[in-house]
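There are 2 protein chains.
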Amino acid sequence: MNTENNIKTLIVKKPLKLDCGKTINEFPIAYETYGSLNENKDNAILVFHALTGDQFVTGVNPITKKDGWWSYAVGPDKAIDTKKYFVICANVIGGCMGSFGPSYKDSQTGKAFGTNFPIITINDMVNAQYNLLDHFGIDKLFSIAGGSMGGMQVLQFISNFPDKAKTVIPIACTSSHSAQNIAFNELGRQAIAADSNWKEGNYSSNDTIPNKGLAVARMAAHITYLSKKGLQEKFGRKLQEREDIKFGFDADFQIESYLRYQGSVFVDRFDANSYLYITRAMDYFDLAKQFKGNLSDAFKATKAKFFIISFTSDWLYPTQENKDIVIALNSIGADVGFVEIESDKGHDSFLLDVPDFLNALKNFLDKSYIES
Amino acid sequence: MNTENNIKTLIVKKPLKLDCGKTINEFPIAYETYGSLNENKDNAILVFHALTGDQFVTGVNPITKKDGWWSYAVGPDKAIDTKKYFVICANVIGGCMGSFGPSYKDSQTGKAFGTNFPIITINDMVNAQYNLLDHFGIDKLFSIAGGSMGGMQVLQFISNFPDKAKTVIPIACTSSHSAQNIAFNELGRQAIAADSNWKEGNYSSNDTIPNKGLAVARMAAHITYLSKKGLQEKFGRKLQEREDIKFGFDADFQIESYLRYQGSVFVDRFDANSYLYITRAMDYFDLAKQFKGNLSDAFKATKAKFFIISFTSDWLYPTQENKDIVIALNSIGADVGFVEIESDKGHDSFLLDVPDFLNALKNFLDKSYIES
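Here the protein sequences line up with chains A and B, keeping their order. Heads up, the first sequence stops at 372 in our numbering, and the numbers go up one at a time, no gaps. Heads up, the second sequence stops at 372 in our numbering, and the numbers go up one at a time, no gaps.
Check before you lean on any hint, since a few could be wrong.
[To be verified] DSS-like cross-link-like pairs, simulated, lysine-lysine; straight-line CA separation at most 25 Å:
no., chain 1, residue 1, chain 2, residue 2
1, B, 246, A, 17
2, A, 292, B, 234
3, A, 229, B, 323
4, B, 246, A, 289
5, B, 228, A, 323
6, A, 229, B, 292
7, B, 289, A, 228
8, A, 228, B, 228
9, A, 22, B, 246
10, B, 289, A, 238
11, B, 229, A, 292
12, A, 289, B, 234
13, B, 228, A, 229
14, A, 111, A, 8
15, A, 234, B, 289
16, B, 323, A, 238
17, B, 22, A, 246
[To be verified] Computed Cβ-Cβ distance ranges for the label pairs, DEER-style:
no., chain 1, residue 1, chain 2, residue 2, range
18, B, 359, A, 229, 28 to 36 Å
19, A, 293, B, 246, 17 to 25 Å
20, A, 301, B, 233, 29 to 37 Å
21, B, 268, A, 240, 31 to 39 Å
22, A, 36, B, 239, 43 to 51 Å
23, B, 233, A, 335, 32 to 40 Å
24, B, 207, A, 240, 30 to 38 Å
25, B, 342, A, 320, 13 to 21 Å
26, A, 240, B, 20, 17 to 25 Å
27, A, 367, B, 233, 36 to 44 Å
28, B, 108, A, 246, 20 to 28 Å
[What the hints assert, rightly or not] Chain B residues, not near chain A, derived (Cβ > 10 Å throughout):
no., residue
29, 13
30, 82
31, 84
32, 162
33, 242
34, 333
35, 351
Hints in this document: simulated from the structure, not taken from any laboratory. Note that this is a predicted model, so its numbers are computed, not measured. Glycine included, each C-beta is placed from N, C-alpha and C at the ideal position.
Turn these sequences into a full structure, and let the hints guide you.
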């Protein structure tokens, strides 16, 4: 994977003590920006990406040559209007798009860290990204926003840095992974570990990569991103370029062909060890646990204005789990808005063209910006 | 796997033409019976097993040494009372517990068929099992019953042999696989195919077996058998014999340990190629398609009494899909009862100790038996 070109990198000089106890020094954070930071430096929005996202939020991703993952939401005149706001997004640590992660070369051995990379957490991710504020000289962000694991980072960021954002937008997320969430992530990890090319994570040194296992992990996750109803409407039992079933194991059904495709394109852009580390960080995330089981306490110190968004057909992080965050905020009298958006597109709704969602996001931001 | 001992086998002499076009001859059907066939031969219940089940319905399975898969429902004084009824269950063709399947040795090559085994369908399965009626001299079964893929076989059987059963009990099933059902099965198949030991299905000849891939397939399926709520109540974020997370990839959470265990014990009793063939049969199942899209027509010729059972938390074959069968039966004025059982145990409810379900099953059978 060419991650050298087109990637802006901040080398963080300040040592970062990770939750696992290790300290990392002089590590890279790869990031991208969109729009311009205004003179007052009060129009910045820090966007956090999801499990398989990266810093290339919108426009053409220079590495994959595909549209950025939040192209529907971010851009000129879009919900997160880059004519108005300065958008920053960083690749999470543990990732594989230029930030410090398991595919990064250990200067001592000259080889990729692999599974010698330290276990990282959502807390570590946001602490690493906090360095971007100093880098840009931003005292307070206008907003922080993200869906899925991006939403977890939003929650962790405002908990760690309560006066560093005016508005806070966690989307389609949870304050801790459920048993079913952990189960699906573990399934993905086991699929990678089952690939004989994985070699306990040391595959980059022997030039083979566990693509088959990673593709299976992606297929499993992909099913959880879509709703049963959405899949039925889009694919149902439609056949793949054939008149009838072929009595074999080829992809007779469009849904099979689609899943295989999702697996195959994913392995071209993602690192199997990163998949292990990032899913682990998600499973470990438990914001209430950081406050002796009281989720409200995570938000006690902030005066930020929250806007929480969930989707009706999201069964990965259902509305109830988003509402639990609203309830925790309500119980301390925080400024919080909430909307559940009607959509058949499942968890992926936040990435797609869902007008009610995009309008709600735009209106909240623009109204808050005028008021601020 | 020792499948020689303790396995009763009927060698079917009559050629069976499969849906794929091939004809099979002199093939074995492994079966088990419980209770006694009465003099009138009118107390027999043919039970059909699910994807990973076998003929050992109750008592101790002589091969796995574990309880039979329907021990809660079948036995003396149980819902399907073996003091009263004569229960027959056969291993499906395509299976791996003694019936004709991909691990069966091809007499011409002396090797297991592997992926040279013909693709089989639910229709082929029930046509093969129909031979047991002749074998036992049973003109009409008192009942046919089964959950999940067993329920699909129930529906197909009564459609093929409309006057061969008095009562018909499809449980937690569907008349055709949804896109999401196919997606999960395809995920399992891809996990097996990703295992370098699978070798296009020819593993038995080189003494390696694709256990890792098969275990991943089982883990994926297992998640779909349990409800989100049930998983949360049973496991939540409970840790596995440790005080806190260990910052590694070991099974920190009980749900991880549980899934790994489910995968590991499964591979001891199941054949990877059978998993491919049987999931394919399930995906191909589409009863309405056999009748030009009209599901009601599948049941037009029968006077049997139906009793359909679904479970509230079953998201694999949700109540609505079971109700669709009821609606098809209602529209032709068939004799049909339906109950949705409240349970947090997901799809697996039909295998577990769910008293409302077991009582409903028992009452329907016993009432129907008195009336008959």
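Now the hints, each set against the structure:
1. B/246 - A/17: Status holds; Cα separation ~16 Å.
2. A/292 - B/234: 22 Å, holds
3. A/229 - B/323: Cα-Cα ~16 Å, so holds.
4. B/246 - A/289: 15 Å, holds
5. B/228 - A/323: With Cα atoms ~17 Å apart, residue 228 of chain B and residue 323 of chain A stay inside 25 Å; holds.
6. A/229 - B/292: 23 Å, holds
7. B/289 - A/228: 21 Å, holds
8. A/228 - B/228: Given pair residue 228 of chain A, residue 228 of chain B holds - Cα atoms ~15 Å apart, limit 25 Å.
9. A/22 - B/246: 13 Å, holds
10. B/289 - A/238: 12 Å, holds
11. B/229 - A/292: 23 Å, holds
12. A/289 - B/234: 19 Å, holds
13. B/228 - A/229: 18 Å, holds
14. A/111 - A/8: Cα-Cα ~22 Å, so holds.
15. A/234 - B/289: With Cα atoms ~19 Å apart, residue 234 of chain A and residue 289 of chain B stay inside 25 Å; holds.
16. B/323 - A/238: Status holds; Cα separation ~23 Å.
17. B/22 - A/246: 13 Å, holds
18. B/359 - A/229: 28 to 36 Å: Between residue 359 of chain B and residue 229 of chain A, where Cβ atoms are some 33 Å apart, the hint holds.
19. A/293 - B/246: 17 to 25 Å: Given about 21 Å between the Cβ atoms, the range holds.
20. A/301 - B/233: 29 to 37 Å: 33 Å, holds
21. B/268 - A/240: 31 to 39 Å: 35 Å, holds
22. A/36 - B/239: 43 to 51 Å: 48 Å, holds
23. B/233 - A/335: 32 to 40 Å: Holds, since residue 233 of chain B and residue 335 of chain A (Cβ atoms, about 34 Å apart) stay within the stated range.
24. B/207 - A/240: 30 to 38 Å: For residue 240 of chain A against residue 207 of chain B, whose Cβ atoms are near 35 Å apart, the range 30 to 38 Å holds.
25. B/342 - A/320: 13 to 21 Å: 19 Å, holds
26. A/240 - B/20: 17 to 25 Å: About 18 Å separates the Cβ atoms of residue 240 of chain A and residue 20 of chain B, which means 17 to 25 Å holds.
27. A/367 - B/233: 36 to 44 Å: Taking Cβ atoms as reference, residue 367 of chain A and residue 233 of chain B lie about 41 Å apart, which means the hint holds.
28. B/108 - A/246: 20 to 28 Å: 25 Å, holds
29. 13: 25 Å, holds
30. 82: 36 Å, holds
31. 84: Non-interface label stands for residue 84 of chain B: nearest chain A Cβ at 39 Å, farther than 10 Å.
32. 162: 25 Å, holds
33. 242: 13 Å, holds
34. 333: 28 Å, holds
35. 351: 19 Å, holds
When the structure is compared with the earlier hints, no violation turns up for any of them.
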